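First to last, the protein sequences are chains D and Y. Quick note on numbering: this note's numbering labels position 349 of the first sequence as 349, and the sequence is numbered without any gaps. For this note's numbering, add 375 to where a residue sits in the second sequence, where the first one is 1.
Where hints are given, some of them may not hold.
Unchecked claim - Have a look at the derived ranges for each label pair, beta carbon to beta carbon: (1) D:Pro318 with Y:Val431: 38 to 46 Å; (2) Y:Glu457 with D:Thr273: 58 to 66 Å; (3) D:Leu6 with Y:Thr440: 58 to 66 Å; (4) Y:Ala454 with D:Thr348: 25 to 33 Å; (5) D:Lys21 with Y:Thr482: 33 to 41 Å; (6) D:Thr347 with Y:Gly397: 52 to 60 Å; (7) Y:Val431 with D:Thr255: 28 to 36 Å; (8) D:Glu226 with Y:Ala485: 53 to 61 Å; (9) Y:Thr377 with D:Thr348: 49 to 57 Å; (10) Y:Glu457 with D:Leu6: 42 to 50 Å; (11) Y:Gly397 with D:Thr348: 53 to 61 Å.
If you're looking for bench data, these hints aren't it; they were derived computationally from the structure. All values reported here derive from a predicted model rather than from experimental measurement. We put the beta carbon where it would ideally sit given N, CA and C, even for glycine.
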Amino acid sequence: MEPATLQTTALHPIHVALGAKMMPFAGFDMPVQYSGILDEHHAVREAAGLFDVSHMGEVFVSGPQALDFVQHLVTNDATKLVDGQAMYTVMCRPDGGAVDDLLVYRLNGEVFMLVINASNIDKDVAHMEAAHAEAGFDCVLDNISEQVELLALQGPKAFDIMAEVTDLPVADIKYYHFMRPEPGAFLGCEKAILSHTGYTGERGLEIYCETAKAADVWAALMAAGETHGLKPAGLGARDTLRLEAGFCLYGNELTEDTNPLEAGLGWIVKLDTTDFIGAATLRTIKADGLERKLVGFVMEDRGIPRQGCLITDAEGEPVGEVTSGSQSPVLGKGIGLGYVPNDPAFTTPGTTLRFNVRGRLLAGTVTKPPFHRAG
Amino acid sequence: MTFPDDCRYTKDHEWVRLDDDGLATIGVTDYAQGELGDIVFVELEAEGTELEAEAVFGTVEAVKTVSELFAPIAGTIAAINEALDGAPETVNDDPYGEGWMVKIRPTDPADLDGLMTAEEYTHMIGADA
Numbered sequence: 001m002e003p004a005t006l007q008t009t010a011l012h013p014i015h016v017a018l019g020a021k022m023m024p025f026a027g028f029d030m031p032v033q034y035s036g037i038l039d040e041h042h043a044v045r046e047a048a049g050l051f052d053v054s055h056m057g058e059v060f061v062s063g064p065q066a067l068d069f070v071q072h073l074v075t076n077d078a079t080k081l082v083d084g085q086a087m088y089t090v091m092c093r094p095d096g097g098a099v100d101d102l103l104v105y106r107l108n109g110e111v112f113m114l115v116i117n118a119s120n121i122d123k124d125v126a127h128m129e130a131a132h133a134e135a136g137f138d139c140v141l142d143n144i145s146e147q148v149e150l151l152a153l154q155g156p157k158a159f160d161i162m163a164e165v166t167d168l169p170v171a172d173i174k175y176y177h178f179m180r181p182e183p184g185a186f187l188g189c190e191k192a193i194l195s196h197t198g199y200t201g202e203r204g205l206e207i208y209c210e211t212a213k214a215a216d217v218w219a220a221l222m223a224a225g226e227t228h229g230l231k232p233a234g235l236g237a238r239d240t241l242r243l244e245a246g247f248c249l250y251g252n253e254l255t256e257d258t259n260p261l262e263a264g265l266g267w268i269v270k271l272d273t274t275d276f277i278g279a280a281t282l283r284t285i286k287a288d289g290l291e292r293k294l295v296g297f298v299m300e301d302r303g304i305p306r307q308g309c310l311i312t313d314a315e316g317e318p319v320g321e322v323t324s325g326s327q328s329p330v331l332g333k334g335i336g337l338g339y340v341p342n343d344p345a346f347t348t349p350g351t352t353l354r355f356n357v358r359g360r361l362l363a364g365t366v367t368k369p370p371f372h373r374a375g
Numbered sequence: 376m377t378f379p380d381d382c383r384y385t386k387d388h389e390w391v392r393l394d395d396d397g398l399a400t401i402g403v404t405d406y407a408q409g410e411l412g413d414i415v416f417v418e419l420e421a422e423g424t425e426l427e428a429e430a431v432f433g434t435v436e437a438v439k440t441v442s443e444l445f446a447p448i449a450g451t452i453a454a455i456n457e458a459l460d461g462a463p464e465t466v467n468d469d470p471y472g473e474g475w476m477v478k479i480r481p482t483d484p485a486d487l488d489g490l491m492t493a494e495e496y497t498h499m500i501g502a503d504a
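Chain D with its partners taken away, still in its complex shape (with noise of 0.2 Å):
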């Protein structure tokens, strides 16, 4: 069901004047592409590309307890955060489904921001006010999604094209880390953010501004870029950029009806250090031994099953289910990600599976991602 007006963010004039062609997503008009997926995944591989992701949410989570409050929140260990340090996360629910993934920036002791899925803004606000109100942390929530932009430029001229529109020492900011300027120190910006972090599997910023600025911004960054090879890329291949670097996408790997150990995000699931909502049932799932577990695979016939498709074995039974499939545009192959049982049989790599693509069985090999760095 669609809503029957969609939002638009700061930065929509600016893609309709490009010729981008627009899609309704998570209920924002936004760029599913400009030049085309192929041109625009390739330069961000090579070049950069500059994407507008404003649909994006962000909520400030304030107080004493906001540390303990985000803790009780997250899978992954917020404490381990020093000022200035982002991570990537999961919020559960008790029963160990996944709400959503999720961002959580350290600004100081008392202030983290969360960045969260489009589609899943209001949902996990609720979630949030509800686990806030049960367990009564002294902190507040703020949902500013509406005055927060967000800009990704992405690829290894990233840093170079960053370098062109500001003094601030950028390059030094680690992976995962980021830096809050001034007010008017980056690019007149009353508020921004500045995060060594992206989606595509190469080196990028993104970046954080207020809704008056995000024009100022994107043209600011077009025109740094223009001798670096930039392009804007649009949401289609942020798709295909980021399931080749083999990152889950909530909604497709991830949903309520999966745990994030399933995913294969145990690396940010710390059911020893830290205690959250969903622990408990994580930790007997992992006792237990999981069911099936999310692999990568490289298509060796011509072919890509999409989600939904059938994994089969040798003999067409079906064993389970493509959660995301593509098309890789730099190994030129279909590739994807889907669950299968969690037996050596289905998910070591080397191993073949078959898709049942629209009645065909078409061999795949089980595959580690990242692919584009695969072969």
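Since the structure of chain D is already known, use the hints to place chain Y on it.
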């Protein structure tokens, strides 16, 4: 977007052109290639395959989506565009020329008369506004 007047069109966004040798060349329209986006491969039934009208004669895989190809009219596949194997992007670049898909020998060339003209097709997709 262009829609040549010497082609007939289907609701499935394919074009058919009756050639001087009596064969009918079939491809997808400029509108279709644009909607599909970057085409990464085209799979076609073999030469000699007999097709009823509306029968599936191939699939077009784009990065984000897949679409089946339906025979606009009945006939027998006389040739397939093997060049698409190594260069599927030709469909995006030149949908009415080098990006053709198959040539069929029509069971009855008069069947083409039942298909849309360029003007009717343009109207159907709302590109005549």
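The hints, checked one at a time:
no. : hint                               : in the structure
1   : D:Pro318 with Y:Val431: 38 to 46 Å : violated (23 Å)
2   : Y:Glu457 with D:Thr273: 58 to 66 Å : holds (60 Å)
3   : D:Leu6 with Y:Thr440: 58 to 66 Å   : violated (21 Å)
4   : Y:Ala454 with D:Thr348: 25 to 33 Å : violated (44 Å)
5   : D:Lys21 with Y:Thr482: 33 to 41 Å  : holds (38 Å)
6   : D:Thr347 with Y:Gly397: 52 to 60 Å : holds (56 Å)
7   : Y:Val431 with D:Thr255: 28 to 36 Å : holds (32 Å)
8   : D:Glu226 with Y:Ala485: 53 to 61 Å : holds (55 Å)
9   : Y:Thr377 with D:Thr348: 49 to 57 Å : holds (51 Å)
10  : Y:Glu457 with D:Leu6: 42 to 50 Å   : holds (43 Å)
11  : Y:Gly397 with D:Thr348: 53 to 61 Å : holds (56 Å)
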